[in-house]
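Colleague: So the chains spell out like this:
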Amino acid sequence: MMTKNSAKVASYLSAGALALAASAAHAEWALNMTQGVTDISRRIYSLHMLMLWICVAIGVFVFGWIIYSILSFRKSQGAVPDTRMVHNTKAEVIWTVIPVLILIACAVPAARTLIETENATNTELTIRVTGYQWKWGYDYVDAGVNVLSTLDHASNEARQLNSSIDPASVPDYLLNVDHPLVVPAGTKVRLLLTAQDVIHAWWVPALAVKKDAIPGFINEVWFKVDEDKTGTYRGQCAELCGRDHGFMPIVVEVRSKAEFAAWLEQQKAAAQPAAAPAVTADATATTGQTG
Amino acid sequence: MAHEHAAAHDDHHQAPTGLMRWIKTTNHKDIGTLYLIFSAVMFFVGGAMAMVIRAELFKPGMQFVDPSFFNSMTTVHALAMIFGAVMPAWVGLANWMIPLQIGAPDMALPRMNNFSFWILPFAFTLLLIGFFVPGGAPAGGWTLYPPLVLQGGDSLPMAIFAVHLMGASSIMGVINVIVTIMNMRAPGMTLLRMPLFVWTWLITAYLLIAVMPVLAGAVTMLLTDHFFGTSFFSAAGGGDPVMFQHIFWFFGHPEVYILILPAFGIVSEIIPTFSRKPLFGYEAMVYASASIAFLSFIVWAHHMFTVGMPLAGQMFFMLSTMLIAIPTGVKVFNWCATLWRGSLTFETPMLFALAFLFLFTCGGFSGLMLAIVPADFQYHDTYFVVAHFHYVLVPGAVFAIMAGVYYWMPKWTGHMYDEKLGKWHFWLSAIFVNVLFFPQHFLGLAGMPRRIPDYSTQFADWNMVSSLGAFGFGLSQLLFPYIIWKCVKGGAPAPARAWEGAHGLEWEVPSPAPHHTWDEAPSMAVIARGAEH
Amino acid sequence: MATSHAPSHADNGKYYVPHDTQWPIIGSVALFTLMLGVVSYLNEWAGGWAFIPGAAILAFMFFGWFGTVIDENERGMYNLAVDRSFRMGMIWFIFSEIMFFAAFFGALFYARTLSVPWIGGEGVKVFNKIFLWPEFNAGWPSNGPAQLSPRENGSFEVIPAFGLPAINTLILLTSGVTITIAHHALKAGNRAMLNVFLAATFLLGFLFVGLQATEYMEAYQHYGLQLGTGIYGSTFFMLTGFHGLHVTIGAIMLTVIWLRTMKGHFTPTRHFGFEAVAWYWHFVDVVWLGLFVFVYWI
Ligand code: HEA
Ligand code: HEA
Ligand code: CUA
Ligand SMILES: [Cu+2]
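Going down the list, the sequences are from chains A, B and C.
The number in my numbering is simply the position in the first sequence, starting from 1, with 1 added.
The number in my numbering is simply the position in the second sequence, starting from 1, with 359 added.
The number in my numbering is simply the position in the third sequence, starting from 1, with 602 added.
Bound-form chain A, shown alone (with noise of 0.2 Å):
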């Protein structure tokens, strides 16, 4: 038993040393989540890791006493049970008095980052996004400017059943598409979300935002990238929506705010002769009917 179980912990940390040390070779072994690049999403970091620590602490506790009692309690070396011991009014108080201030401390700072996430006052710019099966509309509301957003021809060739494309000559895989949306970094971004036809959620790790697009509403969430961090970021729809759920990513290319201006201003240039396409108000009007 007692070769079992050390050879049970020794799995463990070998395991363990093993992904760190492919983690180290090549990046893919990735183990976390990325902090992100906006306040919120390295705050919602940090809880994360709080909760992570906590649990392990409490973890290295728990298991601890158990691992313990099978060393130290086993019949084979002569242990005798103290049948006398059948509770304890003191030890049942306290067990359950420190999980609720550790509860207490853990629920204080969740609190508070959800209370400034849902605070959607103040945003520069507005966009309203609908998911399609399976694609995503970004309509500029104030600059008139309509985006759709299809899954890039490389990634869709690849991912027919038995392609015999090999996924990791496309560049990045099933996470690429035809048209990204364009933000500006250092800006309050408001995003209105629906959906024409299923419920589809929108998400993006790195900006931290994940929110339901529901036929017949609208939900709003912000997001305000760092001036500095200008760069692309991808996501991927994160709620069923049929066949090709998978094949739905979402691309954000964050802009210095001049640069962001330039390109509405060609967008919407390149928008007026031609008519606007279909994603607009009165498109939508007619959803929530299901078939």
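Calculated directly from the structure, the hints in this document are not laboratory data.
None of these values were measured; they are calculated from a predicted model.
You may find that some hints are simply not true.
Said to hold, decoys possible - Now the stretches of chain B that chain C is said to cover, found in silico as 3 or more residues with beta-carbon under 8 Å:
1) 516-522
2) 591-597
3) 605-611
Heads up, the beta-carbon is just placed ideally off N, CA and C, and yes, glycines get one too.
Assemble chains B and C with the ligands onto chain A, guided by the hints.
Modeller: Leaving out everything else, chains B and C with the ligands in the frame of chain A:
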């Protein structure tokens, strides 16, 4: 040890034989056996579907199945496991053990008992033939969210009626459990003398009878929305898709405690037995179970933090969810205290119970993390959630079932099972289950959504590890039916009290337990001997 | 095991455990057939014909099963413990029914207090109004922004509470009184009074169902109020419909009980069947009061 009161008297009527015996039986032991066999079959059916899932996810790219079929696999895997494998296993164990443990001659309503079992195979036939009708089996996830689920093909009404049937079966089953426990206890078997398995089952039964009808109502609304033009879940008519989620999770969250409370009961029987020491804090354990059950009614929306609830709602559901850690902690600590200063041996049931203690607690920890709303914005609908619930369900509920089966198998068959093979089964399961599900935490945190048939290459490595773990775990499970079969066929004869440290009335009757037991209620002396907790 | 045919409810017998039974498997087959029939109808496969044998087998099962139980009871095979099991079983069954209705009441409250106001842009959901449903003014009763209604102009009317529904309330309340009188009569051994008041109860029950049917006809033909009339129509018809179904079942059970009293069943001390139906009837009554208040009145 065998007590004279338990004497078999099997002979007062000609029972039908062959298949008819099983179809017409009203005997709680027969019905328990039927439930357990059904559960094992569904475990393999659901497990086979999990193997399809893990095979497709073995590496990036689509290799084996169409995305819709993949979604059907996920959906039916979950339904088969929850409603087909785990719940019937609990009802089976309740049928076998509760009358034995409380000194009752049978379940209170034996005919209805038969009905609640025999509905089940029909319910699952209805669900599974959905694979062969136009549109394929339901593919909207086990949570059946509209509007998506309403896009399903011809299998939609079949799945809905299957859920109705499962609900009817559960309701009849738990009415029987409640009535048996409340009405059939031997004189002297007071409530606070009942074994914890009986207690946790009683609480489970109250949960079930409160929420199964709500699920029935929810799926009925799906049916009428789809076929009869109602607008419960459609904004155009004044309804709301999220309304379904509220109703579903009002059922769904208590449901997950339905899956785990009897496990708590079993572990609370096994740990004292193999520690040769009474359960520490018996009453605290009872109250903790009741508190968990109570709290489980007011936390449901923690499954829906991303639907856009008002702030106050999110706050309330976060805090109420966190509260559940407290009674659960009380249970964990009391188990630890039971081990403390015991005299431990490590037979297979004990090994499974100990693994339960470790790994369920791990699953509980990730549950607590999920309760933190802002963090859940990152975890929700990722493999982190998948890891969480498999930890509480597989090394949680399923391990506890296995522990219970090993623990009571000598009582059922009259033989000891093959301890060596049992240990093999345990160690292979315990190692592979971690290889299977631990990496899914990493995948979720790295950003892999759940319910996707294919993924970006950055998730390849841990998915491969997880799939290998899955195949290993799946193959290891083949040992289980073999060990049971072997034990039914033969093995060292089991004494009435098969385990040195075991207490409880079930150990006062011979092994194998005769067809009818406790025709005469056990005497106070017997009860007192059994009830030392 | 008691074998005398005289009702002798001595309580020294053992807890009666029936041996084997064919009824459950017949019931399972019946339910399966019945549901396949409905599925076939809904999916437009081959019509719902399988529904008919399913329902017939189910009815056969009920007759057979309950017949067996009644027979065993009359032969005095059930001691007080068995009787108690039946009572507890019935109470928990009724509780499960209450929870079934709770789901639909929940839907009603959710729609009235949350989803309809939200669609109308209340509170943080103001964007619903701005972008999705600018024309919609929230209020109750509502058939939603799409104004789902059989009428051209999308309007509908509701059934005023203090018309037929109030009469129906009186009917059900009266029937609650009559069954209580019947119960007292049974306990006092006054069989004639028992028979009369029991008959009055189920007649009132059927009268209720009849009036409810005319109300539905009115609603469908003149009020523009149908199952498809948005969320109001959905909650209205599902709640009152399931209630009506339960009244029908209850009235049928009352009829059966009445036939049994006519045959001389039940004693002043032992009459589980009677009480079970009475409880059920009171449950149906209470649900109606909830409906009257929340669906018709306020
Ligand atoms: C047996 C089943 C089971 C059990 C017991 C639990 C237990 C818990 N679950 Fe889990 N859960 C599921 C099954 C289960 N869950 C399933 C199936 C889903 C997904 C459904 C789906 O979407 O398909 C889910 C999803 C789920 C979510 C939604 C995630 C999401 O979709 O975003 C959340 C969020 O709060 C959650 C929380 C919890 C919590 C707080 C507990 C707590 O009960 C855990 C309590 C236990 C402990 C905390 C450990 C022991 C305690 C101590 C040692 C004391 C000291 C500890 C502290 C003070 C921290 N669960
Ligand atoms: C009690 C419930 C229960 C149990 C026991 C399990 C057991 C398992 N589950 Fe399950 N699972 C759920 C409940 C459960 N699951 C739920 C609720 C969901 C969510 C569904 C949803 O999103 O809607 C889910 C979803 C789910 C997913 C996510 C799918 C997705 O999001 O697309 C995955 C992926 O790895 C998975 C895997 C497994 C595996 C490998 C097992 C293994 O433990 C199974 C082991 C058993 C066997 C393998 C059977 C025995 C052996 C054989 C049949 C022999 C043949 C063996 C080989 C060929 C190797 N499950
Ligand atoms: Cu869109 Cu999932
Ligand atoms: Cu939950």
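Colleague: Determine for every hint whether it applies to the structure shown.
Modeller: Now for the hints, and whether the structure bears them out:
no.	hint	result
1	516-522	holds (count 3)
2	591-597	holds (count 6)
3	605-611	holds (count 3)
The structure fails none of the hints (numbered hints given earlier).
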